[in-house]
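**Student:** For reference, each letter of the sequence shown is one residue, going 450 to 719 in this note's numbering.
Do not rely on the hints blindly, as some may be mistaken.
[Unchecked claim] Calculated lysine-lysine pairs in the DSSO-like style (CA-CA distance at most 27 Å, straight line):
| no. | residue 1 | residue 2 |
| --- | --- | --- |
| 1 | K562 | K598 |
| 2 | K562 | K543 |
| 3 | K561 | K543 |
| 4 | K598 | K543 |
| 5 | K561 | K701 |
| 6 | K543 | K660 |
| 7 | K701 | K614 |
| 8 | K562 | K660 |
| 9 | K618 | K701 |
| 10 | K660 | K561 |
| 11 | K598 | K614 |
| 12 | K618 | K660 |
| 13 | K562 | K701 |
[Unchecked claim] Restraint-style ranges between C-beta atoms, simulated for each label pair:
| no. | residue 1 | residue 2 | range |
| --- | --- | --- | --- |
| 14 | G694 | G570 | 29 to 39 Å |
| 15 | S526 | K618 | 34 to 44 Å |
| 16 | G694 | T565 | 39 to 49 Å |
| 17 | E639 | G608 | 20 to 30 Å |
| 18 | P658 | N569 | 33 to 43 Å |
| 19 | S465 | G659 | 30 to 40 Å |
| 20 | F547 | S526 | 21 to 31 Å |
| 21 | P658 | A684 | 35 to 45 Å |
| 22 | E639 | R595 | 42 to 52 Å |
| 23 | I685 | T592 | 25 to 35 Å |
| 24 | D673 | E622 | 39 to 49 Å |
| 25 | H482 | E558 | 25 to 35 Å |
Just so you know, these hints were derived from the structure itself, not from any lab. Heads up, the beta-carbon is just placed ideally off N, CA and C, and yes, glycines get one too.
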Amino acid sequence: MSSSSSSQEPIPPPPSPIRLAILEADTPPATTHARYNGYRGVFTHLFNRALSAPSQQPLSSYLSISAYDVVNHHQPSDYPSLSEVDAILITGSKHSAFENDPWILSLTEFVKKAVTEGDNGRTVKVIGVCFGHQIVGRALGQTVERNEKGWEVSVTRVGLTEAGKGLFKGAGEELKIQQMHRDHVVGVPEGAQLLASTNVCENQGFVIPGKVITVQGHPEFTVDIMEELLESRRAIGLFNEELYGSGVERNKVDDGVFIAQAFYRFLTQD
Numbered sequence: 450m451s452s453s454s455s456s457q458e459p460i461p462p463p464p465s466p467i468r469l470a471i472l473e474a475d476t477p478p479a480t481t482h483a484r485y486n487g488y489r490g491v492f493t494h495l496f497n498r499a500l501s502a503p504s505q506q507p508l509s510s511y512l513s514i515s516a517y518d519v520v521n522h523h524q525p526s527d528y529p530s531l532s533e534v535d536a537i538l539i540t541g542s543k544h545s546a547f548e549n550d551p552w553i554l555s556l557t558e559f560v561k562k563a564v565t566e567g568d569n570g571r572t573v574k575v576i577g578v579c580f581g582h583q584i585v586g587r588a589l590g591q592t593v594e595r596n597e598k599g600w601e602v603s604v605t606r607v608g609l610t611e612a613g614k615g616l617f618k619g620a621g622e623e624l625k626i627q628q629m630h631r632d633h634v635v636g637v638p639e640g641a642q643l644l645a646s647t648n649v650c651e652n653q654g655f656v657i658p659g660k661v662i663t664v665q666g667h668p669e670f671t672v673d674i675m676e677e678l679l680e681s682r683r684a685i686g687l688f689n690e691e692l693y694g695s696g697v698e699r700n701k702v703d704d705g706v707f708i709a710q711a712f713y714r715f716l717t718q719d
């Protein structure tokens, strides 16, 4: 069974909505921001397509979503109380997770606390997406650095490990996921299982069962969002015509909805 053919299967809601705090590590590009009002809106749109649309039940029956601007507000009191959330999701960002800006250091420490301590022994689950994946890696002791192999952009096929096949049930050997990065996490943290790899980036995500799941790609990105990113980065000279053209050519169907459903199953399982 291909992942795309299984991505619209209805999933029943939990007994009570999962309290998910989205830690916004950036602001989307202008058109995307105007449409979705931040990455909270982008991820809400993703989870709507993954959960609400197939079941025809409101997203609020699955998730209670809050959002925190961790770039401009990063004092300890600015973060969600771990006693009031069940999970956190760290978004992507144009920034580099290996930098030592105060907000990046604060975010790394908060994520480390969430993963290693939780809420007085109660597990608070963590999802990391792109920059978020890298922040989780850094928080758990891994090196994050600029990838000498360069950019990965637009829809990319990632080969699944055995752990990845088990987590993304029905996906087969690979997933198609939007990418926009040139940094990477070196290795996986102790106790974690690698989920997927490409020739450019070996660590395409990892899982610590019951605690953490990360992906280097962007399941939340739509074709329109990727188009805006490709155009804007070509306009400022960050992408040459070859990279831009390759990205445009591959900016088609992806498995983002299927990946979001896997995120949700991770949140609901012990």
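**Student:** Hints first: check each against the structure and report whether it holds.
**Tutor:** Here's how the hints hold up against the structure:
Distance hint between K562 and K598 is unfulfilled; the C-alpha atoms sit about 32 Å from each other, more than 27 Å. For the suggested pair K562 and K543, the alpha carbons sit about 24 Å apart, so the restraint of at most 27 Å is met. A C-alpha spacing of about 21 Å is found between K561 and K543, which places the hinted pair at or below 27 Å, so the restraint holds. Only pairs whose Cα atoms come within 27 Å are accepted, and K598 paired with K543 is accepted, the gap being roughly 18 Å.
Taken as a hint, the K561 and K701 pair is broken in the structure, with Cα atoms around 35 Å apart against an allowance of 27 Å. At most 27 Å may separate the alpha-carbon atoms for a hinted pair to count; K543 and K660 meet this at roughly 26 Å. Annotation: proposed proximity of K701 to K614 holds, straight-line Cα distance about 23 Å (limit 27 Å). Distance check on the hinted pair: K562 and K660 sit about 12 Å apart at the alpha-carbon level, within 27 Å; holds.
Between K618 and K701 the CA atoms are separated by roughly 22 Å; this keeps the pair inside 27 Å, and the hint holds. For the hint linking K660 to K561, the alpha-carbon distance of about 12 Å falls within 27 Å, and the restraint holds. A hinted pair counts as satisfied when its Cα atoms are at most 27 Å apart, and K598 with K614 qualifies at roughly 26 Å. Simply put, K618 and K660 have alpha-carbon atoms about 19 Å apart, close enough for the 27 Å limit, and the pair holds.
Of the pairs offered as hints, the one joining K562 and K701 is violated, with about 38 Å between alpha carbons and a cut-off of 27 Å exceeded. A beta carbon spacing of about 52 Å between G694 and G570 contradicts the range 29 to 39 Å that was offered as a hint. Restraint check, S526 to K618: a C-beta distance of roughly 40 Å satisfies the suggested window 34 to 44 Å. At roughly 44 Å, the beta-carbon separation of G694 and T565 lies within the given 39 to 49 Å, and the hint holds.
Distance hint check for E639 and G608: the Cβ-Cβ separation is about 23 Å, which falls inside the suggested range of 20 to 30 Å. Hint check: P658 to N569, Cβ distance near 21 Å, so the stated range 33 to 43 Å is violated. About 19 Å separates the C-beta atoms of S465 and G659, a value inconsistent with the hinted range of 30 to 40 Å. Look at F547 against S526: about 26 Å separates their beta carbons, and that is inside 21 to 31 Å.
For the pair P658 and A684, the supplied restraint of 35 to 45 Å holds, since their beta-carbon distance comes to about 43 Å. Checked against the hint of 42 to 52 Å, the C-beta distance between E639 and R595 comes to roughly 24 Å, which is inconsistent with it. The hinted range of 25 to 35 Å is satisfied by I685 and T592, whose Cβ atoms lie roughly 28 Å apart. Judged by the Cβ atoms, the range 39 to 49 Å given for D673 and E622 is violated: they are separated by roughly 28 Å.
Between H482 and E558 the beta carbons are some 28 Å apart, a value that agrees with the proposed interval 25 to 35 Å.
Checked against the numbered hints above, the structure breaks hints 1, 5, 13, 14, 18, 19, 22 and 24 and satisfies the rest.
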